[in-house]
Amino acid sequence: MKFPLHCPACNHEMTVVKLHCESCHTEVAGKFGLPLFLKLEPDEQDFIMQFLLDSGSLKEMANKMGKSYPTVRNKLDELIDKIKLLKD
Amino acid sequence: MKTNLISKIFYPFENNTSNFLLILGSCSFLILCFLGYQWEFISDGIIQMHMATYKEFWKVLINNLINTASLSLLMFFLARLIYAKSRFIDVLTVVLIAQANLVCIALALFNPMLKETTQAIIPSMVNGTIKPDEGMLNQLVWLSFAAILALVFILFFFFLLVQGMKIAMNSKKGYHGIIIILMTLLLDALLWITRPYIN
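Order-wise, the sequence lines are chains A and B. Every letter in the first sequence is one number past the one before it in this note's numbering, and letter 32, counting from 1, is 32. Every letter in the second sequence is one number past the one before it in this note's numbering, and letter 93, counting from 1, is 93.
Please keep in mind that the hints were generated in silico from the structure rather than gathered at the bench. Just so it is clear, CB atoms sit at the ideal spot from N, CA and C, and this is done for glycine as well. Some hints here could point you the wrong way.
[What the hints assert, rightly or not] As a list, the in silico DMTMM-like pairs of lysine to aspartate or glutamate whose alpha-carbon atoms are at most 20 Å apart:
1) A/K67 to B/E14
2) B/K85 to A/D81
3) B/K172 to A/D81
4) A/K87 to A/E13
5) A/K59 to B/E14
6) B/K172 to A/E78
[As the list claims (entries may be wrong)] For the chain A half of the interface with chain B, some residues (derived, Cβ under 10 Å), not all of them:
7) K59
8) N63
9) R73
10) N74
Okay, chain A solo, but in the shape it has when bound (with noise of 0.2 Å):
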């Protein structure tokens, strides 16, 4: 399932308000924010993935992902703009 990033009905941003363990089923409430990686959407987080997996080559990564390399690393430039902003 994909995880929520924004409310369905407002569109403002979500917290977790409840943690649970699996194990003993202890459950702690509270409002926690979400880790700044969790703010990403599903595809950017999977591209700072591939990044860490592919040792921060780029061109290595543009060749699996059958992209150019200046195509992939605007696609970074991007994103750290997107992070830094969310940083602020």
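Mind docking chain B on chain A? Use the hints.
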């Protein structure tokens, strides 16, 4: 499958690897040189092609290299001004792929069949003695068709050049496309005037 092929042709810089594009562009460059040598025409400008006298293959190669190198350097200079991380190899690939259209233009305009037609029509046009018989009409139709085809490929040349350059320099601004077209036309005129080619 069909959509995939169309996107690979119309958006080659997004949907093909850099290595594949560079190999394809280099091959089309060599084909253009070979056609220029075989069919005796000169690319004396970025989007100029004219009939010429016979030249050795190395002379045709250098003349085409002048066009490719000058356009690549100009585009690289522009790309570096806009985006500091631009690489020369990406710009060169864009120029080579865009220039693949020149092969199609050469095939349309300088093929032996059309050359024969042109040579038959030109004297009549110069003397003003075109007779509207059926044979002449057919030749004119073929000539017009080839000219329209060449025009389409020139437009596609600019479409690919702008699209590829905008990716190479990570630009999303529309006016950058206009600058690319204007600079290319300016370089074309400059090459046409200065004629740095080997005769």
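Assess, step by step, whether the Cα of A/K87 is no farther than 20 Å from the Cα of A/E13, and give holds or violated.
15 Å, holds
Taking the least C-beta to C-beta distance, is A/N63 closer than 10 Å to chain B?
At about 5 Å, which falls below the 10 Å cut-off, the nearest Cβ of chain B leaves the hint on A/N63 intact, so it holds.
With a cut-off of 20 Å on the C-alpha distance, tell me whether B/K172 and A/D81 pass.
14 Å, holds
Tell me if A/N74 is really an interface residue toward chain B, meaning its C-beta lies closer than 10 Å to one of theirs.
5 Å, holds
B/K85 paired with A/D81 [C-alpha distance capped at 20 Å]
15 Å, holds
Decide if the proposed pair is consistent with the structure: A/K67 and B/E14, CA atoms, cutoff 20 Å inclusive.
The hint holds at about 5 Å.
Please verify whether A/K59 and B/E14 have alpha carbons no more than 20 Å apart.
It holds: about 14 Å lies between the C-alpha atoms, which stays within 20 Å.
Holds or violated: A/R73 as interface residue toward chain B, Cβ cutoff 10 Å?
OK, holds: A/R73 within 10 Å of chain B, min 7 Å.
Does the structure keep B/K172 and A/E78 at a Cα separation of 20 Å or less?
At roughly 11 Å apart (the allowed maximum being 20 Å), A/E78 and B/K172 satisfy the hint.
Interface hint for A/K59, Cβ within 10 Å of any Cβ on chain B:
Check passed: Cβ of A/K59 comes within 8 Å of chain B, closer than 10 Å.
Of the numbered hints given earlier, the model fails none.
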